[in-house]
Amino acid sequence: MNFLNAMPGEIALAGIIVALLLLDFIIKENKAVIGWTFTVLMAALMVYVAAFKTEATLLNGAYVSDGLSWISQVMILLAASLTGLLSVQSVKTGKKFTGAYYILLACSTLGLMFLVSSKELITLYIGLELATVSLYALAAIYKTDDSSTEAGIKYLILGAISSAILLFGISLIYGITRTTYIDGVMAYTSQSPVGPIFVIALIMTLLGAGFKLSMVPMHLWTPDVYQGAPTPVTAFISVASKAAGFIFAIRLFSYMFVRLDYIWVPLLSIIALLTMTVGNLMAIPQKNVKRLLAYSTISQAGYILVGFVGASVIGISSVIFYLLAYTVTNIAAFAVVTAFSKATGSDNLDDYAGLAQKEPLLALLFMLSLLSLAGIPPLAGFVGKFYLFYSAMQKGYVWLVVAAALNSTISLYYYLLILKQMYIFDRKKEFPKIKIDFSVKIVLIFTMIVIFIMGIFPGPVLDLTTDIAQSLFFK
Amino acid sequence: MAYGTFLVFLGFAVVMVIGGVVVNYLLMPYHPGAEKRTTYECGLDPIGEAQVRYSLRFYVFALMYVVFAVEAAFLLPWAVVYRTMSGFMPLTEALIFIFILVLGLAFAWEKGELKWD
Amino acid sequence: MVELILFYAFAALIIFSAVLLVTARNVFHGALYLASTLFGVAAIFALSGSFFLAGIQVLIYIGAVVVLLIFVINLTRQIAGSSAAQVNEAVVPALITSLLTITLIVLAVLKTDWATRIGKSVAQTEAMDNTAVIGTQLLTNFAIPFEVVSVLLLAALIGAIAIVSRDKEAGK
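In order, the protein sequences belong to chains P, G and C. Position one of the first sequence corresponds to residue 1 (the working numbering), numbered consecutively onward. Position one of the second sequence corresponds to residue 476 (the working numbering), numbered consecutively onward. Position one of the third sequence corresponds to residue 593 (the working numbering), numbered consecutively onward.
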């Protein structure tokens, strides 16, 4: 049982948290150093984790390093380093707590990394709590700003309720199966028939996990939190936390409850439909860009849920692929919002009017990321969506695919509304010249390259995700 | 019968507390007066309501108390089994656990939260 | 028999104070009802033979969390002084939802055959010292969550300080 070999990424990240704390004690004036240190260390750790893939099982199968945890850890670290880049030059927390901001971000990243590698329900829950508790504080870090405080409080209360539901579900599962190990529960479900109480436990865990995914009955926090939290934090919540939530859902449903798919697949297909539709319909009248993107991420979660409904290996593979595409695309969109709101102090959609005349590059980048979210070829979002819908078709869920395609069309409508603001309308008031910070430039260049590569040459990435999905079931 | 001792103990606890009050009530001389009805018989008269607004400082102290109470709760079972386990593993685990929490204390100290200015 | 009576007594205490907790007009009283609810839970733990959990429940929840809660209530004079109702306008929908959920859970619980299951597990754990079992588990099978909990507490502490502390130069 050698921890250092089996989980180098997590141990290194714990070390990074300590280092950031000490750095915060030492550096009194130039606090930007902490942000850059965070970003560089996260990027370095990502490269390390990506390059040295480990295969190990710890603590009698409670903790694993497998393909799924590997790719999601890379994804989470990527999101963390990009969030660091977005934050360095735009988050103003005051000198006293700049260090705390990055420490909390690192803690949240650590929690998400634990979450994706756990195969035991209590370990999973602790990882989930570490990730969310840090995010509650991060959402409210602008304490003099009312909307940021409101975001923190709403996130905290609804998060606590969903945690309670999840814990109730887990305790029922333990009461029935007398094990908290995912493999043990899976073995139980394949040997014994399940009663109604197990169905309730399943629904409760689904709802608890659904909070992170902003799945429809649990989506109410999303718009307010996304709008009120600092934009880089919003980007992190919408990307890393959501990706980890989906990996959590894969471990629970596509793996642990795989024998019970006759219960959760019909349920999830209805929830997927609701999530897409509610997200898209609510997005149309929005006037605030961050709020609009919040509803857009709700609908994106709905599309990803379609992959869960699909055939197992190809479905999981498509979910992972879409998560990768969605991560870079959403970060790109929020990078533009960060740059715009830093220069103008506004997130209003009306203020984007005429952006294309004055800042053609920024407008173009925003357009590309929105079109990728809408699923227009040759961008990454198109391949991802196509593959998701294809997996559901395999399983015969034609009505769901038709509904998802219709929803994509609706989503195109409000993405085009933003484009209309930027490209067709004239500006109503003058803005200062928008200077894109160096760090945000790196984010934009990087994400654009990835969006195009994944859109035009998806082959290698698809092979990778298919391998991972297969290795989950066939060792 | 596992609860027998516990119930006897509980019974004694209740009798000790209530019995003390009751015996006191039975034995005490009773001479009420306006002076005696004030909150403090001697010293200054109380000003304002009892429910005053606390300083925000208390929050951080109370919060740190919660955090370290939870720490103690986790170290208790560790202490119970510590002697039965061999090797340095249990000691290392507890030391890491405490070290990380001490960092939190150091953070609060460094940010001046422990000072009452 | 004594256990059964005690169990129902404490269960009644939990429900009674929980109802008072959500309907209390004064938040401060609500916090005290919360303490009484949590005490009932601790008693149920003790009745189930888990004395460690019972102790922790009293130490952490009543001793620390409720105290913190009372501090926070006293931080805001308006809440402490006024008697704002804790019940909002959506009483009827809330009642219907809660009753439906309760009915669903109770029906499912009644349909499940717990007797064989619980009998087995009680026989297994009764022989051992509960606290020692938890300690051994924490140091072996749950070593990772054990350490992660300390990071969780660290994050909670840092986050709370960052939000609460006065910061002269905090910008928007």
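A couple of the hints might just be wrong.
[To be verified] Mimicking DSS-like on lysine-lysine, the simulated pairs with C-alpha atoms at most 27 Å apart in a straight line are:
hint, chain 1, residue 1, chain 2, residue 2
1, G, 511, P, 92
2, G, 590, P, 28
3, G, 590, P, 143
4, G, 590, P, 31
5, P, 420, P, 435
6, P, 420, P, 433
These are computed hints drawn from the structure, not numbers from a lab.
Worksheet item: Any hints this thing doesn't respect? Which numbers, in order?
Response: 1
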